[in-house]
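Asks: Letter by letter, the chains look like this.
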Amino acid sequence: MSAYAEQIRVLPGFEDVDQARLEALTGFMQHSTMAPGTMLLREGESVIADAPAAFLLLRGEVAVERDGRGVIRVLGPGALFGALAVADRGKRSASCIALGEVEVLSITGTAFTQCQDTAPEAACELELLLSRQIARDLKHLNTVLARALDRPDEVIAGLPTGPKRMVIESYSGFQSMQCEVHTPRDRKELTATLAAARREGRKVVLRGAGLSFDGHALGTDMAIDTRALRSFRFFKDTGHFEVGAGTSWGSVVHSLLATGNVAPFSVSGSDITVAGTLSANSMSRFTPAVGKEGKWVESIELLTPRGTVLTCSRSENAHLFYAAIGGWGGAGAILSARYRSQHVGTPTRVRTSVTRVTDMDQLAPMLMPDASKPNQTVYGVVAWKGDEPRAMICHSSFEKTDKLDTMLPHRPSNALRVPIEWAINRVGEAGQVFWNVAFSLYVREDRPYYDDLEAYTFFMDGHARARNFAHELNVPFRVAQQAFVLPGSNPRALKRFILESAEQLKREGHQISMVDVLYLPPDEPFLLSSSWGLSGWVITFTFEGDVNYSRLGGAMREMSETTHDLGGRVHLTKNVMARSGTLERMYRDGLTAYAKIRDEIDPDHTLGSDFLSRMFPTYF
Amino acid sequence: MNDVHAMLKQLARYLKAEDLAKVAQRVQEVKLSTGQQLIGEGRFNDSLYVLGTGRLSVELERGARITLAECEPGACVGEMTWVDPGPANATVRALDPSVVFQLSHGALVDLRKNEPGTLSRLLQAVVEDLAAHLRMSTTRLSNEPPSPAQAAATAPERPSRASRLGNLIDAMAALTGAKS
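For the record, the sequence lines run as chains A and B. Under my numbering, the first residue of the first sequence carries the number 27, and numbering increases by one thereafter. Under my numbering, the first residue of the second sequence carries the number 170, and numbering increases by one thereafter.
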């Protein structure tokens, strides 16, 4: 037994316990090793005299679950649990489940009484351990309560209230679901929550800020919010940065700003999280020049539902690297990522010059990135004046300069943004009016604009602000977007696709508020990437105002068929209205490999989402 | 003053006859005048006190003073920090001239070393009391209304701020062991 006494002495909280007493105490205890998933204590059960009453955790981790509220705490070595029911002989207040293999010493009620009667020194130590454990539990509760008293109107972080059954909604506002949302407070709790879900055969959707357009972050059973995993670390020597899955891009870009570095692939909303964009392998306006987000990732840490954490990169677990990035959360939970950044210097601005185009034949050639200017991106917006299409082509690059001469869309906090976004959202035609006014009166071609980096990057924050404002007033604020990828080998197809689709949509009474276009370079073999083995144009149609989603769906499905006929794909990041058969054909190769990998790391198919099941029903 | 049962009341419930003198010689008597603070919220404490005569109040300072409970003779305060010294959860002050009996952490260390059986029986009562506080506090917390966001999502009626505060104070009172 002295071997266990030795083992206990190094545990936290046992430093001051007398060695001889510890040895006497372990004489009353039973040593056991438990398999992952073993339930050591069950909530509501009474303590039985000859069954293990209290446990001392020597090795491994134990999840504490209560009240059907999921995991409320994770215990590590040195923890004494079961103390409460031993102390008052009441019922178990929580369930305790082994997360992985655990090693414990346990004592039965009978042995405890024997110890009190025959070995007072050992009993004294056990009573002291019990009292300290309960005192610490009380102190923890007190801290939580004190915080709650200071901020009674806020959601109280840290309160062991567990999951909440609530309605979650997509950014577009067309999908919403009742779901049990879990908010683990750290990596340990996330691991435990996911492991418990797997054990109970539940279906889990991983979720960040919940800003995905379609059902990517929605599910009907259980959602795990990963926003507690926030961290940021910059490596000055190499320009790399490491971030936690729940870190928002707003904080990443802001933290990088001080270093003079940029993440050129950053998405357009500051609240969007790292894991959110990574699971989409996101595009940005800089994609034509720098590629999609995945290209900038060096490695990720991936958690499987069984609780294993794997480092994945192009050289280590590469198959998982290519499945999880752009894998929509179905191939493991991304815990953190290491990215490259680009050095620009401070102050960092974005220089944008605008060119008006009325000849649509010019669109494709003008949208091709200039090989002699590798840091300059190019993208375009198409609008119609009556039946006449015209476009604005923007060339943007990062610059180290003091100049500041901003463009209205790049002032997300400007007071005008909310009324403009409201006008566009309430009245479909307003989008076209806005772009026409911009085209004819506002935009200048003679000299470039210089925007603040954060305002330029997060231009969609203005839209998000208007949407939040609408939600507070209980006014619907919906937006639908769908993006199509066409092969670049046929430049004439771009013009035809835009013009013919727009004509058809208008004929059917759909209000297009915006069409934006950019060049998409070929992607690395990220399995569900819309540009794996395909380079070309991404054309995004945006609809606001009185959108009839099901009628619009019909038109989008037709456009998806055309895209498929042209050798293209429907991009999966926005709303996706397409026949599942068409989508499965578009992504067949990637899906087959993806399904195999999913079987390998998530054989119980715990992870998924409403989106994945609707889009790829054969595979999910 | 060596009648341990008179001094420690309920806390002495598991002590044997042979324990009484061993405990008695380690108990200190402390006299408090009206308004005098015995324990300060957030301030280090490592002693356990049993109220002999007089009245104590258990309070929190949150802009205004929140009284969690008033204690009658026999009530015990400070058990949590006696076994695990550290900052106190609440302030305890005398409402009337009072006498309390103190067991310091030093006494605990001394009993642990020299009279482990006695300490074991004393701790048996302490553990039971702490467990009762924890259970009651947890139960009251379970009655804690949902957060505003949760309430908005699931129920049309939101609990008032006052009822939220009331529940929190209730849970906190249970936690300190004060019977409110």
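None of these hints come from the bench; they were simulated from the model. Just so you know, these numbers come straight off a predicted model, no measurement behind them. The C-beta atom is built at its ideal place from N, Cα and C for all residues, glycine as well. Among the hints, a few may not be true.
[Stated by the list, open to error] Stretch-level coverage of chain A by chain B, calculated; a stretch enters the list once three of its residues show a Cβ under 8 Å from a Cβ in chain B:
| no. | stretch |
| --- | --- |
| 1 | 110-124 |
| 2 | 144-150 |
| 3 | 514-523 |
Asks: Which hints from the list above does the structure break, by number from lowest to highest?
Replies: Per hint list: single violation, 3.
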